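Read off the chains here:
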Amino acid sequence: MLRAKLILILLILFLCFPAFSQEKYNNVLLNSELKIKVLKFKDEINFKKAQQFFFQKNWDSTLVYSMKQLNSGKAKELADYCHFLRGSSFRELKLFEEAKTELNLISRNFTLYPLVYNNLAITSLELKDFKKSIFYFNQLEKLSDKDQKKYYIKSLHENLGLCYLHLKQFDKAEAYFLKSSEILKIEKDTISLIGSYNNIANLYYEQYKDNLAIPYFEKAYLLSSKVKDFEVKRQTSKNMAVVEENRNNFKKALIYRKESEQWKDSLNNQSKIWALADYEKKFAVAQKQKQIKVLEVENKLKNTQRNTLFFSSIGLLLILTGGVYLYAQKVKNGKTILRQKNKLDELNATKDQLFSIVSHDLRSSVNALKNSNSKLSATLETKNYDELNHLIVQNSSIANGTYSLLDNLLHWALLQTKQLYFNKESVHLYSVIQQIEYNYKPLLLDKSITFQNSVSKNIFIFVDLDSLKIVFRNLLDNAIKFSKENGQIIFSGNDIDSDFYQIIIQDTGIGMNENTINELLQEGELLAKKGNSEIIGTGLGLQLCKQMIKKNNGTFNIESELNKGTKMILTFPKTK
Amino acid sequence: MDNINVLIIEDTLEQSDALVKVLTDNNYNVAGVAKNYTEALKLFYEKSVDIIIIDVFLDGKPEGITFAESINIIPHASKPFVFLTSSQDRQIFERAKLTKPFSFLMKPFNELEILYAIEMAVEKFYEQTNVFLSEEQNTVISNDSLFIKKKNSLKKVNLEDILYIEVEERYCNIVTEKEKFVILISLTKISDLLDKNKFIKTHRNTIVNTDKIEEIILADNLIILKGNHKINLSDTYKDFIKKMNILS
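Which chain is which? The protein sequence lines are C and E, in order. Going left to right, the first sequence walks through residues 1 to 576 as full-length UniProt numbering numbers them. Going left to right, the second sequence walks through residues 1 to 248 as full-length UniProt numbering numbers them.
Source of the hints: derived by calculation from the structure; they are not laboratory data. Keep in mind the model is a prediction, meaning the values are calculated, not measured. Any given hint could be a false lead.
With a straight-line Cα cutoff of 25 Å, these simulated DSS-like cross-link-like pairs (lysine-lysine) come out [unchecked claim]: (1) 551(C) to 107(E); (2) 156(E) to 457(C); (3) 97(E) to 550(C); (4) 576(C) to 100(E); (5) 107(E) to 424(C); (6) 418(C) to 97(E); (7) 151(E) to 178(E); (8) 457(C) to 149(E); (9) 124(E) to 424(C); (10) 156(E) to 196(E); (11) 550(C) to 351(C); (12) 258(C) to 272(C); (13) 546(C) to 567(C); (14) 238(E) to 189(E); (15) 219(C) to 185(C); (16) 424(C) to 551(C); (17) 576(C) to 124(E); (18) 201(E) to 238(E); (19) 49(C) to 76(C); (20) 97(E) to 576(C); (21) 576(C) to 457(C); (22) 156(E) to 226(E); (23) 551(C) to 124(E); (24) 97(E) to 551(C); (25) 79(E) to 424(C).
Beyond 10 Å from chain E on every Cβ pair, some chain C residues (computed) [claimed, not checked]: (26) 33; (27) 214; (28) 276; (29) 280; (30) 305; (31) 416; (32) 518; (33) 556; (34) 558; (35) 562; (36) 567.
Glycine included, every Cβ here is placed at the ideal spot set by N, Cα and C.
When you get a sec, could you build the whole thing from the sequences and use the hints?
Structure below.
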């Protein structure tokens, strides 16, 4: 009875050993094989997870994800792997029947089939189907030593021995156990060797060959003193105790049992120590966690500090660039203002000059009028009617001149202040020239100048009537002023193209040189030069003409020859 | 052919006298001289007026414009205006401009300028520009009269007085009960501008005032007008008879 119990304990003990050791070694090959598959099927997330959980020994999750992978129906190549993972997981969960079913689903050409055999064999062993187990082990045994090593199949003989032991085929069991112990001795796997010795001892014990059994028990016991595993020590010493008990050597049995108890305590102590160590570890981890948190907070603080610094520096930079920009703007503005000031000064100077000339002109003409009037009254007393008429004509011409000067001044002022009313309309050129000439008839007659208007009577130009009159008035005035007695003034026209009409005002006067023409045609500034010749005026008239013509979209040009005459050439847009 | 009636609104006697002289010299008929706004309105409604010459400033106030504005809002009452002004102030112009069509004359002006301005005002008012000064046409047609340029001045003929018009190339012979004269206008223009219900083509070159028809003798293709004028009726233009209300 005692023996039977002993064997049972031993069996359970040893069944765990081979299973454990094999699993550990198999992983290396399996691992690499699975990694390859994962890389090959990157998209199969379920499979990847299943294998991850498998290595983490999370069997339930492995089952879930491998099932998902199988259900997805994709990547048939992975099906065998999934079944294998599921079989192994079921076995680990001690659900041996399910394990068996899963493993049997794996196809024959699965690359790691020996591993399947191994699993099947162990599963059968667990299910106490020793014959089947032996069948599977035999399949493995057929493999060459090299293959066995490749698949990390170990404890094969040991397990076979166990099977035969259960089947009471002691000869075969003995042979396998001895073979196993030989191999283990060579491999110096002490713990397995102790197990092996124990198995052999049990075998003999079962057959009541105590003489053969006891040395193995002792061997096992002696070897166990070399290892640190308390469980093994306890087992061997307990075995020895049972042996001594059976030999009725109770004293020794007691010693062994005490030793066994001691090892059991040590085992318990060790567990306690481990638990304590575990607790300490956890504590240390918690401590570390706290430190990490503190560091994190510090980091955050540093980050915020850094950010603040960063942003404030950016802000400062912006302010600086803004300042530089504003300063540049200010400098630019200053320059513009200076330029404008200079221009204004210049314009103001021109204006001042103009005013001085105009007022001088006005003063002298009014003065002339005054003198002429006193002369007039003196002549009236003498009743010299011829002289009287002459003086009146002279007065009216002075008044006319002054009036046109004032008129020009008024229009110039209106133009400068942009107050001039300007309205373009269709204008009958011939009539306008006649209207202007009408006012100058006495002057023309006085100088015996013949006037000719040879502009076409069918021409209508599109201009502002009053500005056109100002232009003609000034040009005719000039032409008369610079003409000698018996001269000729001709207004003629040319149809230059479909849009413009050209008007030429030709006189037979004194003409002018190239310089004067250029000065007159110069853009912008008033001529405002009172030359030594009394004839040259302010230039205001021509300046006004130029601006008015420009405003009417016309052009202005002068052709002249000294002492032969001048041609003023104007173009204006025609009425469409 | 009648003279044109001109209403002058001008407060300065000297200037209005000068104007009256120029106008009468050129065969215009001065309907009256108003010195202020109320006088102007009174004269405007009393007399028959064809053209109004308005000084913008009356007693230093722009009442001239006010007058123009007030007669402008009465339908069919408005007549061609000529504004007289001595200032080219933009503000005044902007206001005067609203009384369309707008013609103005800057003071001082000479005889030619005022005559030109009157002609322009008539042309602009009846929207028939570039007429009087061109060599192709000398008549502007309003809804009740013809304005004809004769020498330096304008003349007027009431459309009602016309019996018929005979076209010869660029000229038209206008025949009224009293007189007969020639104007310069093309047939197409004159037929466009005349009231088509009143003036009807009876022949390729004849337009007849239907009000003046006394008798139509279809057998002889003849139309007899007042004053026993006999006009030929061409077959092509007979259709107009259908439009007339024939008394039995």
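Comparing the hints with the structure gives:
A C-alpha spacing of about 22 Å is found between residue 551(C) and residue 107(E), which places the hinted pair at or below 25 Å, so the restraint holds. As the CA atoms of residue 156(E) and residue 457(C) are separated by approximately 24 Å, the hinted pair is consistent with the 25 Å bound. As the CA atoms of residue 97(E) and residue 550(C) are separated by approximately 24 Å, the hinted pair is consistent with the 25 Å bound. Using a Cα cut-off of 25 Å, the hinted pair residue 576(C) and residue 100(E) holds, with the two alpha carbons roughly 21 Å apart.
Under the criterion of a C-alpha separation no larger than 25 Å, the hint pairing residue 107(E) with residue 424(C) is consistent with the structure, at around 19 Å. Between residue 418(C) and residue 97(E), the direct Cα distance comes to roughly 18 Å. Compliance with the 25 Å bound is thereby established for this hinted pair. Restraint check for residue 151(E) and residue 178(E): the C-alpha separation of about 21 Å stays at or below 25 Å, so the hint holds. For the given pair, residue 457(C) sits about 15 Å from residue 149(E) by alpha-carbon distance, which is consistent with the 25 Å threshold.
A C-alpha spacing of about 14 Å is found between residue 124(E) and residue 424(C), which places the hinted pair at or below 25 Å, so the restraint holds. Only pairs whose Cα atoms come within 25 Å are accepted, and residue 156(E) paired with residue 196(E) is accepted, the gap being roughly 21 Å. Of the supplied pair hints, the one linking residue 550(C) and residue 351(C) holds, its CA atoms being roughly 21 Å apart against a limit of 25 Å. With a C-alpha separation of about 20 Å, the suggested pair residue 258(C) and residue 272(C) falls inside the 25 Å cut-off, and the hint holds.
Between residue 546(C) and residue 567(C) the alpha-carbon distance is near 15 Å, which keeps this suggested pair within the 25 Å criterion. Taking the CA atoms of residue 238(E) and residue 189(E), the gap is about 22 Å. The hint holds against a cut of 25 Å. With a C-alpha separation of about 12 Å, the suggested pairing of residue 219(C) with residue 185(C) holds against the 25 Å cut-off. Restraint check: the Cα-Cα separation between residue 424(C) and residue 551(C) comes to about 10 Å, which is no more than 25 Å; the hinted pair holds.
A C-alpha spacing of about 16 Å is found between residue 576(C) and residue 124(E), which places the hinted pair at or below 25 Å, so the restraint holds. In summary, the hint linking residue 201(E) to residue 238(E) is supported, as the alpha carbons are separated by about 9 Å, within the 25 Å threshold. As the CA atoms of residue 49(C) and residue 76(C) are separated by approximately 17 Å, the hinted pair is consistent with the 25 Å bound. About 23 Å separates the Cα atoms of residue 97(E) and residue 576(C), which keeps this hinted pair within 25 Å; it holds.
A threshold of 25 Å between alpha carbons decides the hint, and for residue 576(C) with residue 457(C) the separation of about 16 Å falls inside it, so the pair holds. Straight-line distance between C-alpha atoms of residue 156(E) and residue 226(E) comes to about 21 Å, which keeps the hinted pair within the 25 Å bound. Proposed proximity of residue 551(C) and residue 124(E) is supported: the alpha carbons are some 23 Å apart, at most 25 Å. About 20 Å separates the Cα atoms of residue 97(E) and residue 551(C), which keeps this hinted pair within 25 Å; it holds.
The suggested pairing of residue 79(E) with residue 424(C) holds, with an alpha-carbon distance near 22 Å, which does not exceed 25 Å. Every CB of chain E is more than 10 Å from the CB of residue 33(C) (nearest about 100 Å), matching its label as outside the interface. Distance check on residue 214(C): its Cβ is at least 139 Å (rounded) from any Cβ of chain E, clearing the 10 Å threshold; non-interface status holds. Under the 10 Å C-beta cut-off, the non-interface status given to residue 276(C) relative to chain E holds; the minimum distance is some 107 Å.
Look at residue 280(C): its CB is around 102 Å from the nearest CB on chain E, clear of 10 Å, so calling it non-interface holds up. Even its closest Cβ contact with chain E, about 68 Å, leaves residue 305(C) beyond 10 Å, as expected for a residue assigned away from the interface. Consistency note on residue 416(C): stated as away from chain E, and its beta-carbon is indeed over 10 Å from all of that chain's, at 13 Å minimum. The Cβ of residue 518(C) lies farther than 10 Å from every Cβ of chain E, with a closest approach of about 32 Å, so its non-interface assignment holds.
With a least CB separation of 22 Å from chain E, residue 556(C) remains clear of the 10 Å interface cut-off, as annotated. Annotated as non-interface, residue 558(C) keeps its C-beta farther than 10 Å from every C-beta of chain E; the closest such distance is 27 Å. Taking the minimum C-beta to C-beta distance to chain E, about 34 Å, the non-interface status of residue 562(C) holds against the 10 Å cut. Its beta-carbon lying about 26 Å from the closest one in chain E, residue 567(C) satisfies the requirement of being farther than 10 Å from that chain.
Of the numbered hints stated above, none is contradicted by the structure.
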